[in-house]
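S.K.: With these hints in hand, go ahead and build the complete structure from the sequences.
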Amino acid sequence: MHRVATLSGELDHERKFETISQNPSEILFISTADTELAGLAKIWSDRFGKKLGLFQSGHLLHPKAAENFVDNVLCKARLAIFRLHGGYGYFPHLLDEVSHIKSHGAKTSILVLPGTDEWDPELMRFNDYEEPLVNRMFSYFREGGIENMVLAADAVELLLQNRNEGFPEAFEVPKFGWIENSSAVKIKKHETGRVWITFYRALHQSGDMAVIDSLTESLQAQGLAVSKFYAYSLREQSAQQELLRKAEQEPPDAILTMQGFSIGNGPSGKSRDDRVSFLETLNCPVIQVPTSTEDREAWLINPRGISASNAAMSVALPETDGRFFGTVVGFKHDEVFSYGKENDSESEFRLKRLEPDKSQITHVSGLAANWVILRRTENCKKRLAIILANYPNKDSRIGNGVGLDTPASVVAFLKELDKRGYGLVSEEEGPSVPENGDELMRILQEGITNDEEMNYGKDPDQSISCDRLFGMISTLPESSRDAFSKQWTNNPDYPKKYSDLIPVAGKCFGNIFIGIQPQRGYGLQTQAIYHDPALPPPPEYLAFYQWIKEDFKAHAVIHFGKHGNLEWLPGRSVALGPEDFPQIALGTLPNLYPFIVNDPGEGAQAKRRSSQ
Numbered sequence: 002m003h004r005v006a007t008l009s010g011e012l013d014h015e016r017k018f019e020t021i022s023q024n025p026s027e028i029l030f031i032s033t034a035d036t037e038l039a040g041l042a043k044i045w046s047d048r049f050g051k052k053l054g055l056f057q058s059g060h061l062l063h064p065k066a067a068e069n070f071v072d073n074v075l076c077k078a079r080l081a082i083f084r085l086h087g088g089y090g091y092f093p094h095l096l097d098e099v100s101h102i103k104s105h106g107a108k109t110s111i112l113v114l115p116g117t118d119e120w121d122p123e124l125m126r127f128n129d130y131e132e133p134l135v136n137r138m139f140s141y142f143r144e145g146g147i148e149n150m151v152l153a154a155d156a157v158e159l160l161l162q163n164r165n166e167g168f169p170e171a172f173e174v175p176k177f178g179w180i181e182n183s184s185a186v187k188i189k190k191h192e193t194g195r196v197w198i199t200f201y202r203a204l205h206q207s208g209d210m211a212v213i214d215s216l217t218e219s220l221q222a223q224g225l226a227v228s229k230f231y232a233y234s235l236r237e238q239s240a241q242q243e244l245l246r247k248a249e250q251e252p253p254d255a256i257l258t259m260q261g262f263s264i265g266n267g268p269s270g271k272s273r274d275d276r277v278s279f280l281e282t283l284n285c286p287v288i289q290v291p292t293s294t295e296d297r298e299a300w301l302i303n304p305r306g307i308s309a310s311n312a313a314m315s316v317a318l319p320e321t322d323g324r325f326f327g328t329v330v331g332f333k334h335d336e337v338f339s340y341g342k343e344n345d346s347e348s349e350f351r352l353k354r355l356e357p358d359k360s361q362i363t364h365v366s367g368l369a370a371n372w373v374i375l376r377r378t379e380n381c382k383k384r385l386a387i388i389l390a391n392y393p394n395k396d397s398r399i400g401n402g403v404g405l406d407t408p409a410s411v412v413a414f415l416k417e418l419d420k421r422g423y424g425l426v427s428e429e430e431g432p433s434v435p436e437n438g439d440e441l442m443r444i445l446q447e448g449i450t451n452d453e454e455m456n457y458g459k460d461p462d463q464s465i466s467c468d469r470l471f472g473m474i475s476t477l478p479e480s481s482r483d484a485f486s487k488q489w490t491n492n493p494d495y496p497k498k499y500s501d502l503i504p505v506a507g508k509c510f511g512n513i514f515i516g517i518q519p520q521r522g523y524g525l526q527t528q529a530i531y532h533d534p535a536l537p538p539p540p541e542y543l544a545f546y547q548w549i550k551e552d553f554k555a556h557a558v559i560h561f562g563k564h565g566n567l568e569w570l571p572g573r574s575v576a577l578g579p580e581d582f583p584q585i586a587l588g589t590l591p592n593l594y595p596f597i598v599n600d601p602g603e604g605a606q607a608k609r610r611s612s613q
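Count the sequence shown with this note's numbering and you get residues 2 to 613, in order.
A few of these clues could be false.
Stated by the list, open to error - Label-pair ranges, simulated between beta-carbon atoms:
1) Pro-304 to Arg-443: 41 to 49 Å
2) Gln-526 to Cys-467: 24 to 32 Å
3) Ser-239 to Lys-108: 42 to 50 Å
4) Ser-480 to Glu-119: 43 to 51 Å
5) Leu-245 to Glu-453: 54 to 62 Å
6) Cys-467 to Asp-214: 40 to 48 Å
7) Asp-129 to Gly-602: 43 to 51 Å
8) Glu-249 to Asn-163: 24 to 32 Å
9) His-532 to Leu-502: 28 to 36 Å
10) Pro-493 to Pro-304: 26 to 34 Å
11) Ser-480 to Arg-398: 26 to 34 Å
12) Arg-443 to Lys-359: 43 to 51 Å
Said to hold, decoys possible - Distance condition first, Cα-Cα at most 20 Å in a straight line; then the derived SDA-like pairs of lysine to any residue:
13) Lys-103 to Thr-117
14) Lys-77 to Ile-102
15) Lys-550 to Thr-378
16) Lys-103 to Arg-79
17) Lys-103 to Asn-69
18) Lys-247 to Ser-228
The set of hints was computed from the structure by calculation and includes no laboratory data. Small disclaimer: the values here were computed from a predicted structure and weren't measured. For every residue, glycine included, the Cβ atom is placed at its ideal position computed from N, Cα and C.
M.R.: What follows is the structure, encoded as structure tokens:
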């Protein structure tokens, strides 16, 4: 059967057609959720053995794959059960092919259930059973849990006997809850911070907890107390009320969430206040730390980082809640599970389980810890680095934020910091808060800047040694180190050679450093390279951020106004890793980036590539 071109439904352009190699089974269960398949593989294996066939519906998006599966596998089964997230709208080829073989006399009994917790009446036209029975079977999977999967197995046996009665009601399973840490360290009040991890209930039900456990251990190693909360959805009013109750007793300093999509403003997405999302009421940073639906190898070679569907679910939609993106912390990997008594290939099912990425988790834990430190440090002790863009690299273009009087805005910001008790110094101790933007520019231009013609006779106020810089560079991943060396240190045309110290442009106002962001390259056309996605930053660039992190010991960095060049450095588009230069430069420093509102395209790039 082939679909007419004018009918709804598109090919999955990210997935190539692959021939289905599944062996025919008496009972087929096809689901979108890997966690559900993993749970059934464990719970149903003793009951059904080799009669059972489990299949991931994601492989059936391509029309040819759907046709191949239905004609060669499904039509040989006695009973086929579908749990399809997205329903007919997402799987039109598959369900139309099922209808096609049924209309031509196929004997397989078909049971199609919604893939979410909401009833989908459109699916009834594909069912061989009456709505009350379909609804009862749906309730077992909607509630989930071991007890309900046993009831579902009992129901399958009744269906195979052509019995449509005797199906008990599903057990009610909590849709949310807290999980105690078996090795949690008791902490004294105010000695360290507290973070929450929120994740999907399905991971808890299926025991696919490796990423959560690894993240918990890494956060605890940072001295943080961890509370873990599972929920079917954070949009549910009851789940939100539980989080608010917990926040009153043990307020979190940061929240790490593995849950995608958008919560919206208030219960079930309904607005309680158009200006405030639910997560904002918890009054702490919310860091998005998803897992990928792909394997690690796909992430390693994908210049976009993650697929378009992952980016939509785990990056773009959560941003509307005010979350910022940390990075991906785990990937799917195949785990062979034998669900038959015999140890042979016919009784094997390749489970998709989540596997933590230790490096990514370490990075996210450090980032969360630094946000907690920033939150808990007294204002008078906080050290902030304010970075001004400089494009092109002339003194007249320092602080050229688009649509913003950056110098005047920075001065206003400094005065507000002074009112709030931040450590700004008096004139006797050093530069005081400038009176206006012109005075700020004069003070900055008294020191080293990016304008080579204006630096003659100036001594840098701060610098970092070449030994320390290149010692840091020697620890970078090989691919980044090689790209850097080829462009700069091994390039005979690179004009800048330092024997000892590399200057850092900017001035300290007590605990506040105002720095001039270095240029992308030397001896190259400034305007041509500013947005170059392949050009590694020069030594001066990495030295600038290394000094901020290690010598100035900033608690946070603020890139003041559109737009700098950090977000244009080489690396993945999103879901950055240790070899990507924005992450190399910033490390785990909290970054704030006030950006003009009328450029969401570049603003999104700045947010997603420099919040690491």
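S.K.: Checking each numbered hint in turn, tell me which of them this model violates, lowest number first.
M.R.: 8 and 13
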